[in-house]
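Taken in sequence, the protein lines are chains A and B.
Take the first sequence: its letter number 268 is residue 268 in UniProt numbering, and every next letter is one higher.
Take the second sequence: its letter number 27 is residue 27 in UniProt numbering, and every next letter is one higher.
These aren't lab readings, by the way, just hints derived from the structure by calculation.
Computed from a predicted structure; not experimentally measured.
Just so you know, even glycine gets a beta-carbon here, dropped at the ideal spot from N, CA and C.
Some but not every residue of chain A turned toward chain B, in silico, with C-beta under 8 Å:
| no. | residue |
| --- | --- |
| 1 | V20 |
| 2 | M26 |
| 3 | R130 |
| 4 | P133 |
| 5 | S139 |
| 6 | G140 |
| 7 | L143 |
| 8 | E147 |
| 9 | V241 |
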Amino acid sequence: MIVNKRRRPLPLTVLSTTFVLLWVLMAAFPFIWTVWGSFKVEQDFFSRDSWWFAIEGSRTIAQTGSAFTGDGYYGAWVLRDFFSSVVNTVIVTLSVVVVSLTFGTLGGYALARSGYRYTFWLLMLALVFRAMPHITLVSGYLLPFFEMNIWGHLPTAIIVLVAINQPFTLWMLHSFFLSIPKDLDESAMVDGCSRFQAFRLVVIPVMWPGVITTGLFSFLLAYNDFAVTAMLLSQPNQTMVPKIASFLGTIQQEGNVMFAVAAVVSATAPLFVLVMFFQRQIVSGLTAGAVKG
Amino acid sequence: MPHRAFFAFIMPSLLAMLLFIALPIVSVAVQSLYVEHERVVTEVETCAPFAGCTTETRVDAEATEKLRDAEPLGRFNGFGTYLDRNHLATAEMNAILTDNAGFADVASRIYNLPFYRALAFTLTYTFVVTPLAMLLGFCIALGVNAIPPFYKGPVIFFSLLPMIVTPLVGALIIYWMSSPQGILGATLQSLLNDSTLSLKSSAVLTWVTLLVYGVWHNAPFSFVVFYAGLQTVPHDTLESAMIDGANRWERIRFVVIPHLMPLATFVALVQLMDNFRVFEPIVGFSAEANATSLSWSIFNDLRGQVDQLFGSAAATSMLTIVGVVILLSPVLVRTWREFNRR
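Model the full structure from these sequences, guided by the hints.
Shown next as structure tokens:
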């Protein structure tokens, strides 16, 4: 490719660079714009006259005395109790990550080390399960959960999300375990470890990169989920995403759209930080399934 | 690994999947055969002096409640729910096909049936967004591959955002920007010189907005996978192609693309599965008046606060699952063949 680059004609370089710049603008601008706008009043961010008001913030200055206001955040976090849904989200996502990694490493290890035919069928089954739309599963849960009286609680949503997450976790960890030589755990077992000890004390320590990458994706699934958390959690147990959805219905009439904008920005911020710190792991995780599988 | 150890290790994971994925599918299948109880109606005779006696029918709330508690599933309906107007609508379809005024008439009348309406959008979304997003992702990957290494990190960071962001949140952000009071909507209005233009007002514009959102949301995944694939394109093959006189385009067409083909199959599979369950964008864009999807119909049936239509939701779910299986079948058949050959 180095040879390639040296000979690249100028028009092509200009064209491809412009294209990349355009894409970066497309990808980043909506977020930058919304973060900026969340510190304005509604008449500026949703201006009927010109979007230039959102940049100058003239109505914001007129109403609050400064060009930036935290009213939207105050309204969402304090008045509308967004805070409690943040707490719920933290509980749900952390539990989902921990439990699904525990289940997933055990299962993925077994699938990677067993040479029998049924591992193939289990992986195929997992692929079919992975394709099931979440909302179809939810329609299967609701009635039984009502009958068993376990609807609406956080643990219910957690175990459901863990289960929905398993097919993907299994596939990913399975491919990571395959990249670790069998000799490692076999020599540990020769030295007198049981199968579980070999797994726990020898394989897992060298698996951390894979576990972290898979954990990131479990986190994203739990954090981004809407179908399950919206249908299975009661009002006080709601996590952030269904909370934002419930804002939409009530807020539009009251003219408090800025509460929702502030909540949306609050929910996106952790993802920004996540991508910033774990960009490499996310990229390697996305490609792991494709390149190895 | 012996069978015993294998099952000990995989048990928690397998149990979770069986209990919360396989069993719910069975539960959906059972529920779809039942339908909610009708309200228990009693006839009450009221006699007023000089007016004579009148009988009126009233809903017996208490008895209805009791019946619903005793049999929460509802009454058995067989395949009735599948065939009713809100699902496959066999009777309506028959009427449309036997008596119609040409193709346009058939299409528009079928489109008015809720299930086919949802199916139309779901399929359009799946089969328009997937290839377009892959194409865009491939172009971005080629572009990013050519920029100086120093800028690659930040570019990849921003490129990941549309994919990583919560689908509902991403949809809301774009929806707010494209509303007539938002920056995109207002700019479009002034560009096209039409102050009444609103992306929500017409079905076509709503569809286009949702499709554009879908491409925006899905392109980064293809980009990342293809970009990783580009790093592994063999130099020797590229160089020999150059010696053979292949120009830039021919090298991409005959060396790079064949090399990326296995990756493209993988991306297409994942994206088809994900796009078929399109749901959050419709909620985020409040697009249900102009575009519904299968997932959204199920959600809508379940959301009703007073009457949750479990039977109806379950029937749509079963039809959706059939759709997923049809979508996956080429892959499954191919893997099965390859597996047997081994």
